[in-house]
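**Q** Throw the hints in and build the complete structure from the sequences for me.
First to last, the protein sequences are chains R and S. Each residue of the first sequence is one higher than the one before, starting from 1 at the first, in my numbering. Each residue of the second sequence is one higher than the one before, starting from 1001 at the first, in my numbering.
Be aware that a few hints might be false.
To be verified - Label pairs and their in silico Cβ distance ranges:
id	chain 1	residue 1	chain 2	residue 2	range
1	S	1204	R	77	55 to 63 Å
2	S	1022	R	273	32 to 40 Å
3	S	1024	R	262	52 to 60 Å
4	S	1252	R	81	52 to 60 Å
5	R	61	S	1085	47 to 55 Å
6	S	1249	R	262	49 to 57 Å
7	S	1204	R	105	19 to 27 Å
8	S	1264	R	118	40 to 48 Å
9	S	1235	R	77	38 to 46 Å
10	R	120	S	1238	52 to 60 Å
What the hints assert, rightly or not - Not the full set, but computed from the structure, chain R residues with beta-carbon under 8 Å of chain S:
id	residue
11	186
12	188
13	195
14	219
15	223
16	240
17	257
18	258
Hints listed in this document are in silico derivations from the structure and should not be mistaken for laboratory results. A virtual CB, placed ideally from N, CA and C, is assigned to each residue, including glycine.
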Amino acid sequence: MNARPSCLSISGLTAILPNGSRVLRSVSLDVKPGEVHALVGESGAGKSMIGKALLGVLPPSVRQVEGSIALEGTELETLGAAARRRLIGARTALIPQDPLTALNPSRRIGPQMSDRLTHILGWPAERARNRIREMLAEVHIREPDRVIAAYPHELSGGMRQRVLIAAAFAAEPRLIVADEPTTALDVTVQKQILRLIADLQRQHGTAILFVTHDLGVVAKISQSVTVLYAGMVVERAPTPALFATPQHAYTRALMAATPRYTDPASSLQPVGSAVLAELALEVQNADNEWKRAHG
Amino acid sequence: MADPLFTVRGLKVSLPDMTRKPLLGSAPMLDILHGLDLAIERNCITGIVGESGSGKSTFGRALVRLLEPSAGSIAFDGREIAHLPETELKPLRRDLQMIFQDPMSSLNPRRTIGAIIAAPMRHHGLSDRIGERVAAALTRVGLPEDFASRYRHQLSGGQRQRVGIARALALEPKFVLADEIVSGLDVSTQAQILTLLDQLASEMGLTIAFISHDLSVIRRLCRNTIVMRAGRIVEAGPTEALFAAPREDYTRELIAAIPLPEIDDDWLTR
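**A** Spelled out as structure tokens, the structure:
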């Protein structure tokens, strides 16, 4: 029935720090082809770590010790380092959080955008240039030639994020990791960028792993969602179901802590001590089980 | 509003535009605020909302006179302060306190929390019973007294922001400027800090200007709201009325752009 493999399938992903403590605790999740899957949690929950493990750019102190990551059915572990890099480079792309630090301030936009296409995918320069121009039009940039010749500081925050979105979609990746792509933006610009990502994602049939801390953004952009706490999957659900009937007390607590202008009378509730105790117990049980299994 | 704490008339602020500064010579001036007229009510929280570049932080800094306006007047508690020299401002500084966005950069890493909270008290001549005063300030924001001997790096983000609040309130100021003080925090911590601020404001009868880009937070916390854009006031008034019936398109646009945590299929295309 379900013949197409998941676009991204992560199972039992575990990563540890040098002191042995786990930053990712047997994380499993699936991103179906062409869907937006949100990865939501508070700071330190390990959401960005998952994206980094996939792209093979974990910080030097963090070591992946267990678990498998499969991209369209291909297990990354079965590949050599070079083949893995080629596959990641051809099939995935990243939209980073902060467009200013992601762009080199001393190079023009055009060459920075085409690097991926010419260096990693080996496109001829002419083809890469045309593709960049095409993509800039797709992200509604009216004067592509001006932007191609500009330096990052000459563009606004929203424009820079458009440039990075265009660059991410340029090589037609199957999966894009979007790491808090609208967190640094103003709310009206955020809405435009979310819409842009949703439109392009639909038109190109690209799956997106959308990392965010904002349940509002989750509700608006994703079709399914994984809630993380302390590197552990707390809840996984289709997005409508998560908001209609959140299963885990932590998910409900996060929702109660999020202010809504439509409901000002509700007193904001921080995640309560009972919920935190329950989470601590779950983390401990998971860790004990893991230790038993690994001597 | 009768007897506001601040009455601002024709407030203009210009700052040197460093991006257009010639190699030699001074930078041309750039107008940031284009003549603001407004009043800030006593004993309540007033929200100031706007996008980046709206001038909301510049306006806040002019209110507490970290910046000198280029034109206009600022009457604080009946006294004109727009162009007071620093020597005359000094006694007033006690009544004009600030809580900063990032406690990591506004708390000295080399000093204990106790020393950080005590510093403004000593500066304003309150050197007696300083230990007691610090303990009271910590208790007020819900931190244990023994935090006085800790350092910044030993605290969580929420605890650090509580220290920032404790320091600002230790002098029992007439006015507190809170500039994006919850924007770096997780929602759970944000809920704690907002609840604390709300409770302190009503207990102590504080007048607070709460600068934020988040209208949901403003709606929850502030009695009055000022919407700013490009150095001008778009609209200002009681928060409830402003949300119930925004007069300006820009305010409506800002409100409509907030992604609420609920399913709404055509929100993106509206």
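**Q** Indicate, hint by hint, whether the structure satisfies it.
**A** Against the structure, the hints come out as follows:
For residue 1204 (chain S) paired with residue 77 (chain R), a C-beta distance near 59 Å keeps the hint of 55 to 63 Å intact. The hinted range of 32 to 40 Å is not satisfied by residue 1022 (chain S) and residue 273 (chain R), whose Cβ atoms lie roughly 59 Å apart. The hinted window of 52 to 60 Å between residue 1024 (chain S) and residue 262 (chain R) holds, with their beta carbons roughly 55 Å apart. Between residue 1252 (chain S) and residue 81 (chain R) the beta carbon distance is about 53 Å. The supplied range of 52 to 60 Å therefore holds.
Look at residue 61 (chain R) against residue 1085 (chain S): about 53 Å separates their beta carbons, and that is inside 47 to 55 Å. For the pair residue 1249 (chain S) and residue 262 (chain R), the beta carbons lie near 20 Å from each other, so the given range of 49 to 57 Å is not met. About 46 Å separates the C-beta atoms of residue 1204 (chain S) and residue 105 (chain R), a value inconsistent with the hinted range of 19 to 27 Å. Checked against the given bound of 40 to 48 Å, the beta carbons of residue 1264 (chain S) and residue 118 (chain R), roughly 42 Å apart, stay inside it.
Between residue 1235 (chain S) and residue 77 (chain R), the C-beta spacing of about 58 Å breaks the proposed range 38 to 46 Å. Between residue 120 (chain R) and residue 1238 (chain S), the C-beta spacing of about 56 Å keeps the proposed range 52 to 60 Å intact. At about 4 Å, the closest approach between the beta carbon of residue 186 (chain R) and any beta carbon in chain S falls short of 8 Å, and the interface hint on this residue holds. At its closest, the beta carbon of residue 188 (chain R) sits 5 Å from a beta carbon of chain S; the interface hint therefore holds under the 8 Å criterion.
Here the hint on residue 195 (chain R) is kept, as its CB sits about 5 Å from the closest CB of chain S, short of 8 Å. A cut of 8 Å between beta carbons decides the hint on residue 219 (chain R): the least distance to chain S is about 5 Å, and the hint holds. Proximity of residue 223 (chain R) to chain S is violated relative to the hint, the smallest CB-CB distance being about 11 Å (cut-off 8 Å). Because the smallest distance between the Cβ of residue 240 (chain R) and any Cβ of chain S comes to about 5 Å, under 8 Å, the interface hint for this residue holds.
Satisfaction of the interface hint for residue 257 (chain R) is found here, the shortest Cβ-Cβ separation to chain S being roughly 4 Å, below the 8 Å cut-off. Annotation: residue 258 (chain R) was flagged as interfacial toward chain S, and the flag holds, the nearest CB pair being 5 Å apart, inside 8 Å.
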